[in-house]
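Trainee: Produce the complete structure using the sequences and hints provided.
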Amino acid sequence: MATDATAGARGGTPRPAATAATGATGATGATGATIAPREYSPSEMMVVTAARELRDGEVVFVGIGLPNLACNLARATHAPRLVLIYESGAVGAVPDRLPVSIGDPSLVTGARMVAAMADVFQYILQNGRIEVGFLGAAQIDRWGNINTTVVGPYDAPSVRLPGSGGAAEIATHARRTIVVSKLSRRAFPEAVDFVTSPGHAYHGVRRAAPSLPGGGPLKVITDRGVLEPDPATGELVLTALYPGIAAADVARDVGWPLRWPTPLPTVDPPPAEHIRLLRERLDPDHLFLKG
Amino acid sequence: MSMRDAIARFVHDGDTVVIEGFTHLISFAAGHEIIRQRRRDLTLCRLTPDLIYDQMIAAGCARKLVFSWAGNPGAGSLHAFRRAVERPPRDTSARRARAPAAPLEIEEYSHFGMVARFAAGAARLPFWPLRDYAATDLPVANPRIAAVTCPYTGERLATVPALNPDVTIIHAQRADPDGDTQMWGLLGVQKEAAFASRHVVVVVEELVDEAVIRADPNRTVVPGFIVDAVVVEPWGAHPSYAQGYYDRDNAFYVAWEGISRDPARLTDYLDTQVYGVPDRAAYLRLTPGLEDRLRAGRRMCAGVNYGY
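From first to last, the protein sequence lines are chains A and B. Our numbering applies: residue 34 is where the first sequence begins, and numbers increase by one. Our numbering applies: residue 946 is where the second sequence begins, and numbers increase by one.
Keep in mind that the hints are not guaranteed to be accurate.
Listed next, the in silico SDA-like pairs over lysine to any residue satisfying Cα-Cα at most 25 Å (straight line) [unchecked claim]:
no., chain 1, residue 1, chain 2, residue 2
1, A, Lys323, B, Ala1020
2, B, Lys1009, A, Gly185
3, A, Lys323, B, Gly1203
4, A, Lys323, B, Gly1021
5, A, Lys215, B, Gly1021
6, A, Lys323, B, Ala1200
7, B, Lys1009, A, Pro186
8, A, Lys215, B, Ser1022
9, B, Lys1009, B, Arg985
10, A, Lys215, B, Ala1020
11, A, Lys215, B, Glu1202
12, B, Lys1009, B, Pro1096
13, B, Lys1009, A, Lys215
14, B, Lys1009, A, Asp188
15, A, Lys323, B, Ser1022
Over 10 Å on every C-beta distance to chain B, these chain A residues come out as not near it, computed from the model [unchecked claim]:
no., residue
16, Ala66
17, Pro113
18, Arg240
FYI, nobody ran anything at the bench for these hints, they're computed from the structure. Note that the Cβ used here is the ideal one computed from N, Cα and C, for glycine as well.
Mentor: Set out below in structure tokens:
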């Protein structure tokens, strides 16, 4: 169990406080046999790991893509009373098809409420009602700062990304922000090109209320393991590996000297039933579960 | 009023124009008519520029874009927008291969920032405070994001300036001849954008009798007394959607990735689907079977008792 993975931190890394991602029997509940690494894809492992972060009854701000799959997997398994809120205004959404966009009409049909966007951002998010916010990241850096705006200089970018959308305020206000992003040197630099959404330290200053009331990115779920901020410094450290992965496999694609505690826990492989749900019901056309 | 007359009368070169609708109820019919009438130097504002502003940028209508998320929702990029703002390194083949694009000025917020700008505009206040943007680069990129000290608590709060467009165009399910407008499903920032604007054009799937509106007044989002023109344009939001009328054309959103990536294909799209047709009815005739493919199923709700 992850909570035992304490001492012997490499380079004196303290163990991050929150370790729910690595529950041996944990958040997933009793759902039958697990399966071997070659029988599921890295994307599927990311979705299953993200789903385990969610507790029944929580209020979750959902993004499109893998986060949406994670939330709907959790709703179909251990968290039937999860409240899904989309920034488009759908509250308590129960989509019966995979929404391609965050404003899909299937999010409205059967929802508990449709809120105007002014109400979503002021009365729900800024009000502190969101427990978990999901974000993707084109880049995330050593301090958990997230870039979805530009690659290169802002005034002359080599790649123009979409921008914040609701991400800046989600990372500001959600009690826990969970980031889902595949590992690569480009995606995990020492410092992002542009801070779209706040992490744990900005130009050396740690995040603090009241201007940053939420917890910030407390879990970074990658395709090889999970990173969490060191509570003492805010630096992202490796806290769990997926089955069959070594810490060096993660470290080589991270742009800073990655630290981790020893022993390093391994995340449980996905239950076969969850993989079946993902493939047959939640993303039957493999729109988001390609790799 | 016809769409042609409404655009001719309420959209002028150099105007600040808002076509709102968050994924839902985006008036592509109005955007296409603005392109056909060759408006220039517009400041286009929307949370999500979506395909409609990508098309208007490609057609040369825009001088400036004010926005908070510029992607193709669920499907990729807005490549006309990207060509206008990206600057690849000098002397690379990528730069040489790139079609010359008119420079586009941008002014960027987050969704909450844009919502707050419309809220300030609708309330005729000069700015709106919000707890946002601390420890981000957004205020560095956009100096119009400022801060104020709360006179009651001493807290520093971010501020955004009011947005008061010259004209806001919103699509809705139905309105009466006076412009009392009802919509359901995702409501986006339609109400705030309409109240913030100097002029309001409402485009509807159906014109209904005043009695239909009066039977269900809680569903009215925009009252007729702020509306300048009502345009009846069935399927006017396609490839966006109208809840209860037709589904989002996700296949077209996915196809836009390839169309917008290739300037020649994008030009061909504008020539055939926009310049090549006089109005929305002719646009719909270009794609036989469209209505049957996307027409909404039925999920009726029960009525409520307004009696006393």
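Trainee: Please list, smallest to largest, the hint numbers that this structure does not respect.
Mentor: 12, 13 and 18
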